[in-house]
Amino acid sequence: MAGFHAWNRFAAVNDEFVPIHMDDDAGRRAGNPGAFGMGNLQFSYLHAVLRQWIGDDGRIMEVACQFRAPNLRGLTTIARGKVVGFRDEGNEIIVDLEVWTETEEGTVMAPGSATVSVPKSAYVP
Amino acid sequence: MPKSWISDDMRALVGRTFGSRRSSAPISLSDVRKWAIAIYYPEVPPRLFWDEEYAATTSHGGVVAPEEFNPFAWFTAEGPVMAPTWEGPIRDSGPESAFGVKGPDTTFILNGGMEVSYGVRMKPGDVITSSETTLLDYQERQSRLGLMLITRSETTWTNQNDQMVKVTRGIGIRY
Chain A
226 MAGFHAWNRF
236 AAVNDEFVPI
246 HMDDDAGRRA
256 GNPGAFGMGN
266 LQFSYLHAVL
276 RQWIGDDGRI
286 MEVACQFRAP
296 NLRGLTTIAR
306 GKVVGFRDEG
316 NEIIVDLEVW
326 TETEEGTVMA
336 PGSATVSVPK
346 SAYVP
Chain B
11 MPKSWISDDM
21 RALVGRTFGS
31 RRSSAPISLS
41 DVRKWAIAIY
51 YPEVPPRLFW
61 DEEYAATTSH
71 GGVVAPEEFN
81 PFAWFTAEGP
91 VMAPTWEGPI
101 RDSGPESAFG
111 VKGPDTTFIL
121 NGGMEVSYGV
131 RMKPGDVITS
141 SETTLLDYQE
151 RQSRLGLMLI
161 TRSETTWTNQ
171 NDQMVKVTRG
181 IGIRY
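Taken in order, these protein sequences are the chains called A and B. Just add 225 to the spot in the first sequence (first one is 1) and you have my numbering. Just add 10 to the spot in the second sequence (first one is 1) and you have my numbering.
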């Protein structure tokens, strides 16, 4: 659930306290309904969903995203991915994905792409 | 609203570097744990990021940081960072002032996205060095918020063994 409990923690580990992420008036002056979450936190969520899929031994190689819709308070943020291609590279499989964060209503907030590597040994019975 | 935010002086900056190289303090296990807790909140983060005993059994041989971890917060090799206090809209937040060039008279800046390529993992004890930042280009496009200036820049991080940790292309949007 998006809101200050998550945003304040992220602000703290970055030592970055910016009015648009802390104050509704500042968020409104920036063109949004109120304070909104950090784009970099959305970026972290994309990494988290990739790690959930590839596990500890997988490797995130590239991630890219843009920030289209603001992350507003009270909205549940869902990170998703979809495989769009893969190739066999000897001991590992390289997988290309579309990744994105969205609200419960399906509004896409941070669309992006990623490339990950998964060791074949993880799947050899 | 101007026809373009990009002055000739700004255009001449493309391809040049700004900022300065900086090195982190050695990454601490505590900082890795806090980062992981923050981004996975309210869920418990993967053990790889906080359980030394478990992490030693993995292919990493010990705790490693989440790939997008920031080792430069609060304190670097130069000492306390003393991050600025922003009041109101963020102004003058582009690279132009680093060159002594007047930037565009925009009012707002937004994080427009990023593209990152990862090398080796960061782990406790590592010292990460960030290169100077290269201004890649300026682009403009119309939007519901008016004429937007899109600025792309690139920075490379390496560790104490000179191994590439991360190459980041950042996109700033000003309007």
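Bear in mind the hints are in silico, worked out from the structure with no lab data behind them. Treat the hints loosely; a few may be bogus.
[As the list claims (entries may be wrong)] Where chain A lies over chain B, by a calculated footprint (3+ residues, C-beta under 8 Å):
hint : region
1    : 17-28
2    : 49-62
3    : 79-89
4    : 111-123
Even glycine gets a Cβ: it sits at the ideal position worked out from N, Cα and C.
Each hint, compared with the structure:
{"no.": "1", "hint": "17-28", "verdict": "violated (count 0)"}
{"no.": "2", "hint": "49-62", "verdict": "holds (count 6)"}
{"no.": "3", "hint": "79-89", "verdict": "holds (count 3)"}
{"no.": "4", "hint": "111-123", "verdict": "holds (count 5)"}
Of the numbered hints stated above, the single one contradicted by the structure is hint 1.
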